[in-house]
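S.K.: Put chain D on the given structure of chain Y with help from the hints.
Just so you know, the sequences run in chain order Y and D. Those letters in the first sequence? Residues 61 to 419, by the numbering used here. Those letters in the second sequence? Residues 20 to 327, by the numbering used here.
No lab work stands behind these hints, which were simulated from the structure alone. Just so you know, not all the hints are guaranteed correct.
Said to hold, decoys possible - Derived DEER-like restraints, expressed as beta-carbon distance ranges:
no.	chain 1	residue 1	chain 2	residue 2	range
1	Y	Ala288	D	Arg206	44 to 54 Å
2	Y	Ile222	D	Ala317	50 to 60 Å
3	D	Tyr165	Y	Ala288	16 to 26 Å
4	Y	Glu358	D	Ala146	30 to 40 Å
5	Y	Asp120	D	Val110	46 to 56 Å
6	Y	Asp242	D	Pro137	38 to 48 Å
7	Y	Ala366	D	Ala146	38 to 48 Å
8	Y	Asp416	D	Asp24	20 to 30 Å
9	Y	Thr141	D	Pro137	40 to 50 Å
10	Y	Asp416	D	Ser305	32 to 42 Å
11	D	Val110	Y	Asp400	51 to 61 Å
Said to hold, decoys possible - According to the in silico footprint, chain D covers these stretches of chain Y (three or more CB under 8 Å from chain D):
no.	region
12	243-252
13	261-268
14	271-282
Beta carbons are placed, not taken as given, at the ideal position from N, Cα and C, and that holds for glycine.
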Amino acid sequence: MKTLTKIMAVSALSLGLAAPALAQDDPTQVGFIYVGSIGDLGWTYEHDRARLAVEEHFGDAVETSYVENVPEGADAERVLTQMALSGADLIFTTSFGYMDPTNAVAERFPNVRFEHATGYRRDHPNVSTYSARFYEGRAVMGHIAGHMTESNIVGYIASFPIPEVIRGINSAFIHAREVNPDVEFRIVWAYTWFDPAVEADAAQALIDQGADVIMQHTDSTAPMTVLAEAGAIGFGQASDMYQFAPAPRVSAIIDDWAPYYIARTQAVMDGTWESTDTWDGIGPGMVGIGEMTDAIPEEVRASAQAMVEAIAAGDYHPFTGPLNRQDGSAWLAEGEVADDGTLAGMNFYVEGITGDVPN
Amino acid sequence: MMGIDPITLIVALITVSTPVLLAAIGELVVEKTGVLNLGVEGMMITGAVMGFVVAVNTGSPTLGFLAGMASGMALSLIFGVLTQMLLSNQVATGLALTLFGLGLSALLGVGYPGSTPPPVSDPFPAAMAEIPVIGPILFGHSLIIYLSVLLVAAVWYVLGYTKVGLIIRAVGENHDAAHALGYKVIRIRLMAIMFGGACAGLGGAFLSVVRVQNWVDGMTAGAGWIALALVVFASWKPWRALLGAYLFGGVTALQLRLQAAGINIPVEILAMSPYVITIIVLVIMSSDKSRTALNAPAALGKVFHATG
Numbered sequence: 061m062k063t064l065t066k067i068m069a070v071s072a073l074s075l076g077l078a079a080p081a082l083a084q085d086d087p088t089q090v091g092f093i094y095v096g097s098i099g100d101l102g103w104t105y106e107h108d109r110a111r112l113a114v115e116e117h118f119g120d121a122v123e124t125s126y127v128e129n130v131p132e133g134a135d136a137e138r139v140l141t142q143m144a145l146s147g148a149d150l151i152f153t154t155s156f157g158y159m160d161p162t163n164a165v166a167e168r169f170p171n172v173r174f175e176h177a178t179g180y181r182r183d184h185p186n187v188s189t190y191s192a193r194f195y196e197g198r199a200v201m202g203h204i205a206g207h208m209t210e211s212n213i214v215g216y217i218a219s220f221p222i223p224e225v226i227r228g229i230n231s232a233f234i235h236a237r238e239v240n241p242d243v244e245f246r247i248v249w250a251y252t253w254f255d256p257a258v259e260a261d262a263a264q265a266l267i268d269q270g271a272d273v274i275m276q277h278t279d280s281t282a283p284m285t286v287l288a289e290a291g292a293i294g295f296g297q298a299s300d301m302y303q304f305a306p307a308p309r310v311s312a313i314i315d316d317w318a319p320y321y322i323a324r325t326q327a328v329m330d331g332t333w334e335s336t337d338t339w340d341g342i343g344p345g346m347v348g349i350g351e352m353t354d355a356i357p358e359e360v361r362a363s364a365q366a367m368v369e370a371i372a373a374g375d376y377h378p379f380t381g382p383l384n385r386q387d388g389s390a391w392l393a394e395g396e397v398a399d400d401g402t403l404a405g406m407n408f409y410v411e412g413i414t415g416d417v418p419n
Numbered sequence: 020m021m022g023i024d025p026i027t028l029i030v031a032l033i034t035v036s037t038p039v040l041l042a043a044i045g046e047l048v049v050e051k052t053g054v055l056n057l058g059v060e061g062m063m064i065t066g067a068v069m070g071f072v073v074a075v076n077t078g079s080p081t082l083g084f085l086a087g088m089a090s091g092m093a094l095s096l097i098f099g100v101l102t103q104m105l106l107s108n109q110v111a112t113g114l115a116l117t118l119f120g121l122g123l124s125a126l127l128g129v130g131y132p133g134s135t136p137p138p139v140s141d142p143f144p145a146a147m148a149e150i151p152v153i154g155p156i157l158f159g160h161s162l163i164i165y166l167s168v169l170l171v172a173a174v175w176y177v178l179g180y181t182k183v184g185l186i187i188r189a190v191g192e193n194h195d196a197a198h199a200l201g202y203k204v205i206r207i208r209l210m211a212i213m214f215g216g217a218c219a220g221l222g223g224a225f226l227s228v229v230r231v232q233n234w235v236d237g238m239t240a241g242a243g244w245i246a247l248a249l250v251v252f253a254s255w256k257p258w259r260a261l262l263g264a265y266l267f268g269g270v271t272a273l274q275l276r277l278q279a280a281g282i283n284i285p286v287e288i289l290a291m292s293p294y295v296i297t298i299i300v301l302v303i304m305s306s307d308k309s310r311t312a313l314n315a316p317a318a319l320g321k322v323f324h325a326t327g
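The shape of chain D in the complex, shown without the other chains:
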């Protein structure tokens, strides 16, 4: 790998991956409760525009991030009410949510392309980021990046080792049984859906406020769909979602660096490699049917209608 600095590559891949990771970890929890929300892309882009608009107008990136979360959550609530209370089809509703989000964001963002958002300060002092090797990798990022990793750890802990996690999984595996035990299936699912919306919205706000520092129509460019693929790739396991996101971001960051280093590989192949690798991994993962089926929440995508 002549001419490619591994440290800057790692720093870049972490930044590239974070929006996708945030959206994926949110969707993972949603799917763990047995709900398939295909509206991730729509919630992300709405979070991106609202985060940007609020950050520009208030001068506070923190308020921007909160606005991104709130708008993602509001959009997910539409999905929640439609699918959980009015029992609409989850796939169709999710797709509609994506289309709605893309249109709504374009409308909300009119006049904002080219505005400059306020700078986001890093949590660690600049001196720490100058420590050789580990400095830039561990201490040179913005707060949201650390938050995303903490979020993965928290989701892993809550799902695997707490009563709340047990309830979430019970609802996702067999909603009738959970209902019979007295758990409020719809309420739990609604809360998970809102959590997923907040994560997707935060991912979008990170994209517009930190990574690109600009707002453009359709700027998520399919990141929400990558997040959905990552959840399957991860077999609904939080740490694997992190691995998958960093792998995807790594290939994206690497292909640009291979080009910049003048390494003689056809550019077309490099440019599509992140997507090809995602597809290949998905095919390998799902070729073993029994294993995928074992990990997928049993009630995923099924309509729950409380009887009796």
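So that you can see chain Y by itself, here it is in the shape it has in the complex:
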């Protein structure tokens, strides 16, 4: 099936190329490769919504194509090469593991622009990177979780021990502790971005350990089903997951890539595209906060909303001192704000979290 999708997408690309070659104005070709299926209702689903937004915005001036379920590694390089050969002008590679393939293919196709999500390597002038400050959303979810938990145990389904995930745990924990000094985090590493069976089992294990609020950094809705049965609450991840509102889903962190994708496509059309590194948060709208439902008390909704606005306005940074590392050593002094370099490489827990970061 994966191969079939690829063949279909690639042939769609070449057909798309063949027909307009006769026309005067070639439409701009924009390709996307996805790590999951567009029906995951999480990460890939949101990237594909943004792709559709690009199509809608530009109409006939742009043609898009995508390949889903592309494994991170050699397969990605092959798919990217195919896309570049088929005439793509701009290619978005939407997972961290596409970093090396993206740069390798970019070297061979200097006239094609590449945009790699959540990575940091821009080896060639035709590669840009972009990511979202998801930790800003996690701060708000942590604030709500700290208020809402009655057992004072918040469960956290983590995926892989990479900086992005550790940053999210820290951000959520700091803001849960801020409003509830007794709160504890229990973290389960699922070692997957997307495996509904494992995610559901992890959610059940956390509930059995007394957690009544669960946060997830994995992409499926399987934990929501478990939470609904257990009467616990959680938050939509990557996508709104509004079908589980008003509870167990009480709010959500939503990735909104559409404005960025439209702006970058426009830049290619105008000939103004250049290699950049974008890391946007709530302010520019790349991170959205899903509607807070009535399951959250009104005053908590108000304080959470105030935090959203303060972050959006740039008045508040979720990593503001005084903050210590887990071992008690000082990290940020009173009023000091974490720099992007430390955040980008974050590999330690803040003080108060129990357990070790896996290697």
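M.R.: Okay, now just chain D, sitting in the frame of chain Y:
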């Protein structure tokens, strides 16, 4: 084991184990007739997608389970016709069946991820599940879980104590002798293969409709292969298959709870422990060659060609 509640652990391990157990008990019967079907994974995932699609569209989990069984059976019939009538190689055909099942399921499931299946009602009233200790363990499950245990008992009884069981075993031990006695070797094997397909399909449907309540490409994630390993682990004995499945499910459920309880064991070791333990047990089981050989059906994997 501080901080881990044994009751919720047992409840969780039973749920985690059931898809694997169903597939394993089906494969056990197939292998008892001397046929090695490596397509369990493919039949499970096809059962998972068909069970889910039918349950979502009809609103009836029962129809979903039946559809899962039927689709597993249909897939196994392809294997049966190829290996029993056209005498193709069982190992190669079984592997091809797994690949086919994975591809077919992805195709059939397009558009279904994220759909909500109908809720499955439990056979016992909720009040019974609230009895301390034994309530949640004995009375809190969905019907398929009780069915899986009954199925183990039935297979154990039929194989060991009935004429049908004797015939199945005769076909698996020496198909030429069984043929000489007038038993229809191919027909018996085909029926066993279809039974195995139905069990694997039901296991898959349980996974998608009850345990995860969602459909995702490749969601069985190797459960079919674990089922195959369990049959060897069980030395082709039904109750041992149940024990093995619960052991595997138990380690899976336990490792998540150890993490959730914050017990300081390296996470990487915990995450791979179910698979490591399965491998270790298999190595121990097969180190004693004479005993394994004694239990394995003598005609396992051999091609039967009726002569005369």
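S.K.: Which constraints among the numbered hints does this structure fail? Numbers only, ascending.
M.R.: none
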